[in-house]
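Generate the whole structure from the sequences, applying the supplied hints.
Residues per chain are reported as follows:
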Amino acid sequence: MFRNSYDNDSITYSPTGRLFQVEYALEAIKQGSAAVGLVSKTHAVIVALKRSAEELGSYQKKIIRIDDHLGIALAGLSPDARVLSNFMRQQAMSSRMIYNRPIPVSRVVSAIGDKAQRNTQIYGRRPYGVGLLVAGFDETGPHLFEFQPSGTVLEYFGAAIGARSQSARTYLERNFEQFHDASLEDLVLHGLRALRDTLAQDKELLAQNTSIGVVGLDLKFTLYDNDDAREWLEKLGDVGSTRGRQLPDEPEPAATEDAPVTDAPPPEETDTVEPIETDA
Amino acid sequence: MDHMPENWGRPRSDVYGVYNPAIHNAGPTTHTQQPSITGTSVLAIKYNKGVMLAADNLASYGSLARFTDQERLIKVGKETVVGVSGDVSDMQYIQLLLERLIIEDNYEQDGHNLRAPHIYEYLSRVMYNRRSKIDPLWNAILVAGKKDDGSPFLGYVDLLGVTYSAPTIATGFGAYLAIPLLRKIASDDGDEKRITEQQARAALDECMKVLFYRDARSLDKYSVATVTTDGEVTIEQNVRCQDMSWRFADHIRGYGTQTM
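Residue numbers (full-length UniProt numbering), protein chains in the order written: chain A, 1 to 280; chain B, 1 to 260.
Keep in mind that the hints were calculated from the coordinates and are not lab data. Just so you know, these numbers come straight off a predicted model, no measurement behind them. Among the hints, a few may not be true.
[What the hints assert, rightly or not] The list that follows gives simulated cross-link-like pairs (lysine-lysine, DSBU-like), each with its CA atoms no further than 30 Å apart:
{"id": "1", "chain 1": "A", "residue 1": "LYS203", "chain 2": "A", "residue 2": "LYS61"}
{"id": "2", "chain 1": "B", "residue 1": "LYS78", "chain 2": "A", "residue 2": "LYS41"}
{"id": "3", "chain 1": "B", "residue 1": "LYS184", "chain 2": "B", "residue 2": "LYS75"}
{"id": "4", "chain 1": "B", "residue 1": "LYS49", "chain 2": "B", "residue 2": "LYS209"}
{"id": "5", "chain 1": "B", "residue 1": "LYS147", "chain 2": "A", "residue 2": "LYS220"}
{"id": "6", "chain 1": "B", "residue 1": "LYS147", "chain 2": "A", "residue 2": "LYS41"}
{"id": "7", "chain 1": "B", "residue 1": "LYS147", "chain 2": "B", "residue 2": "LYS193"}
{"id": "8", "chain 1": "B", "residue 1": "LYS184", "chain 2": "B", "residue 2": "LYS209"}
So this is what it looks like as structure tokens:
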């Protein structure tokens with residue numbers, strides 16, 4: 001995978017029709033810690049695991065509020081997320097100023113999708129190295145979108161990105177039928193359980209490393225961090241990793257393998273030691 | 001030596017100030033214009049199930065009644081009507097802007113559409129920005145439709161960027177002659193709940209008659225638009241003032257106090 005001669009720039013196809021730089025950008029997302037999102041018929045929730053570079057350092061912010069009705073969770077290069085979130089804020093502000101309406105979630109997400117796509121088709125530019133889960137509420141209800149550096153933007157009932165996110169995805173797949181009619185509290189607890197499944201062995205969800213964002217009908221986007229997160233974790237109860245425990249039907253994830261950018265199912269990840277870096 | 005050719009031959013910056021390159025690409029300077037072809041009053045009144053507007057079909061060239069088939073009530077999107085008075089070419093430009101706005105809004109087909117409050121905000125931004133460039137669109141505009149909570153929406157914006165909202169609004173001469181008559185049936189916010197469609201229509205017809213008597217730049221042929229809170233828009237055209245009495249004209253000699 002790392003010996004390709006067609007990966008020097010973002011605008012060169014390989015003979016099999018792949019853009020390797022874009023795929024490498026997706027790898028950057030997998031290095032970041034996990035973020036999970038899910039929707040019910042009234043709310044959208046995003047939860048994320050924060051990482052700190054060293055014991056005495058702060059934890060990297062993983063959830064950003066864009067507007068009263070919109071927020072994002074990021075995984076990957078956080079400076080790229082900052083740039084994209086500032087752009088989204090400008091779009092949201094512009095919609096309120098010109099039309100006096102909160103920007104429809106699908107439109108702001110199309111705007112960053114188009115922005116990201118440009119960087120895959122202009123010489124000299126690099127694709128954004130961050131994946132986003134965009135949670136928002138507009139006239140057509142609550143929405144959850146996943147944004148990728150390729151410019152692909154898809155809407156989901158439940159989604160997970162970042163390191164060991166396949167475990168979260170498995171939880172979401174098993175439980176998604178309960179999400180639609182879930183109360184806000186149940187929805188958040190589902191999200192936290194999915195996030196818990198991404199923890200490395202012997203780690204746990206703590207107030208300092210867990211971030212929760214909720215938005216919905218009659219509820220402006222609200223961020224729960226630190227002490228506010230603690231209240232949710234107390235409701236959750238068991239905050240420890242499930243890895244290393246004997247669970248009959250959950251095999252350990254297999255090693256990473258190559259996968260094309262677009263439609264193929266996502267590859268499973270290696271369960272490596274967490275890399276020492278400041279990016280989320 | 002200054003090696004930049006674009007600076008050769010220029011006066012010294014330290015004496016005359018730094019050269020502003022924007023001069024090179026500037027268009028003609030436009031200042032406050034005069035309107036040329038104009039439309040007169042637009043009237044509007046909220047009622048229990050929506051909003052009703054009226055505007056005559058005259059486009060005047062100063063004191064010449066030049067065009068008698070000018071429609072000044074514009075349907076925008078599915079549920080909004082915009083009534084425009086003032087310069088007709090600026091009205092046509094606004095019509096173009098609104099048409100493009102709706103077309104672009106419909107690209108996505110995502111269930112999100114611009115409604116009256118959004119169109120009103122958009123036009124307010126356009127009008128205010130033009131006035132801030134001292135190049136106004138010489139109009140007074142009424143936007144009618146429904147609010148997000150389902151109640152009737154009516155807003156006014158003009159060439160100065162002034163905006164306001166009330167149960168009854170009129171532009172031009174209508175502000176002096178029609179508003180007092182309309183306020184007899186709806187003077188405060190909330191009064192519209194007690195007004196029926198027939199009452200609203202009767203009030204507008206009466207006002208259009210009064211305006212034809214007294215506004216020297218008006219016409220007796222007009223259009224009436226109804227926008228309901230169910231989202232239905234109807235524009236009735238070629239309505240004429242009824243039961244007018246011009247017998248007083250018989251006795252008039254000259255102007256003012258002359259009797260012979």
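Results for each hint:
Between the alpha carbons of LYS203/A and LYS61/A the distance comes to roughly 19 Å, so the proposed pair stays at or under 30 Å and holds. With a C-alpha separation of about 28 Å, the suggested pairing of LYS78/B with LYS41/A holds against the 30 Å cut-off. For the suggested pair LYS184/B and LYS75/B, the alpha carbons sit about 28 Å apart, so the restraint of at most 30 Å is met. Proximity of LYS49/B to LYS209/B is assessed by CA-CA distance (about 24 Å); at most 30 Å being required, the pair is judged to hold.
Distance restraint check for LYS147/B and LYS220/A: the Cα-Cα separation of roughly 21 Å lies within the 30 Å cut-off, and the hinted pair is therefore satisfied. Distance hint between LYS147/B and LYS41/A is fulfilled; the C-alpha atoms sit about 24 Å from each other, no more than 30 Å. This hinted pair checks out: LYS147/B and LYS193/B have alpha carbons roughly 15 Å apart, not beyond 30 Å. As the CA atoms of LYS184/B and LYS209/B are separated by approximately 16 Å, the hinted pair is consistent with the 30 Å bound.
When the structure is compared with the earlier hints, no violation turns up for any of them.
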